[in-house]
Amino acid sequence: MALKRTVILFPAAFLMNMSLLMINFAVIFFLKDLVGLSASTIGWFFAAGSGGYVLGCMMIRPIQNRIAPPVSMFIALAMTVFSLFMIKSSTTPARVLVYYLIFSTAPAFYWPQVMGWFSYGLSNAELGKSISRFNISWSTGALCGPFLGGILAERNILLSFYIDIAMIAFIALLLIIGLLFVRDMRSYPMHSSTEPSGPATHEAGMEDGSPDADELINGGKGTILRYAGWIGVFSVYIVLGLLNNIFPLFIRDTLGLGESSAGNILFVRGITTAVGFYFAGRIIKWHFNRKIMIITQVLVIIVLLILLFVKTISGFYLLFIIYGLLFSMAYSNGIFHGSAGALDRGRRMALFESILTIGVMLGSVGGGYLFQYYSIYTAFVFSAVVIGAGLAAQLIIIGAGIRKKLD
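In this text, residue positions in the sequence shown follow our numbering: the first is 142, and each later residue adds one.
Treat each hint with caution, since some may be false.
What the hints assert, rightly or not - Using 30 Å as the maximum straight-line C-alpha spacing, the simulated DSS-like pairs for lysine-lysine come out as follows:
id: 1; residue 1: LYS426; residue 2: LYS270
id: 2; residue 1: LYS270; residue 2: LYS432
id: 3; residue 1: LYS452; residue 2: LYS173
id: 4; residue 1: LYS270; residue 2: LYS145
id: 5; residue 1: LYS426; residue 2: LYS145
Just so you know, the hints here were simulated from the structure itself, not pulled from any lab data.
Can you build the whole structure from these sequences, using the hints too?
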């Protein structure tokens, strides 16, 4: 049986996200301890990095179908290695920011291409299962990254950079092996070794990995639920920006615990997210289910409000476990409904990445400012209010869809 491209792409997604999250965790304390930045400034710093990623997604979107996915991914890996070498050698905020912007922009050449590549040629039924496996891959990397980052940060912050560079080099080697020995790796949106490219395939929606013509929704525009799904992703990524980039400072500087304690909490959150993705792939009742979208958003708000009364590390563990499950549901809704029945999935993925990154920016900036001048609990209230506004927008969109009888 011929190997599928996912045998390479999914491990590459795992390793890439683990390396990115590990170094981001280390950068929090690198900026605080070695560069001397405040929590608020660190929040702005990460927001600027997220802005670089959004800009990168916008830059690559018009030319995405002209760049072969493997070429784009190798560009991302090279930019990452270069920026890591430069960051670890810099001590002034301006220099670190410049190189961190390069580091943050690099994944824009990686993630949209990976998502468009693995989903290429899949039917709607196959898409749901494949998305679940992809989500498990990157989310497993997301849980391992902060865990390793916490351990390494307690020993030597710069050690994280060297290990990260080695991981990036291994990803490049993995891709080269795949391109040489896995035939399916040579089939991607702008080029296919197994399918012709021309008017027939374009009409069938296969030129960019879209479903067959009989599976298109609203003439290839997709379901209106994509907007509600994207709002849900934006919401949970606000919380993620707060948790990943600011909460570790609260754990160390306010609760007096080590960096590894913060990494462990994020590790547990990541485990439940991966579990959630696993079940999302095996259960299809959430597909095109408006109620689940709304319930997920409401539960995220409830978790944030309960966090206002949590003062112990065990309480944070428990609520972050619940949040991890909700995160997986919101993310699955966003990526599935943004792609199902739509043409031009690759560009949809780039838009999806931009939306979630803007959420991270808001969580980092708002969370950092409120943590420094008020408390982490004020940041939780801020997140709940913004997500509440998102819930109202979801209800309006879903109501409009029902009135127009759109799926």
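Structure-based check of all given hints:
{"no.": "1", "hint": "LYS426 <-> LYS270", "result": "holds, 13 Å"}
{"no.": "2", "hint": "LYS270 <-> LYS432", "result": "holds, 21 Å"}
{"no.": "3", "hint": "LYS452 <-> LYS173", "result": "holds, 24 Å"}
{"no.": "4", "hint": "LYS270 <-> LYS145", "result": "holds, 14 Å"}
{"no.": "5", "hint": "LYS426 <-> LYS145", "result": "holds, 27 Å"}
This entry satisfies every hint, going by the numbered hints stated previously.
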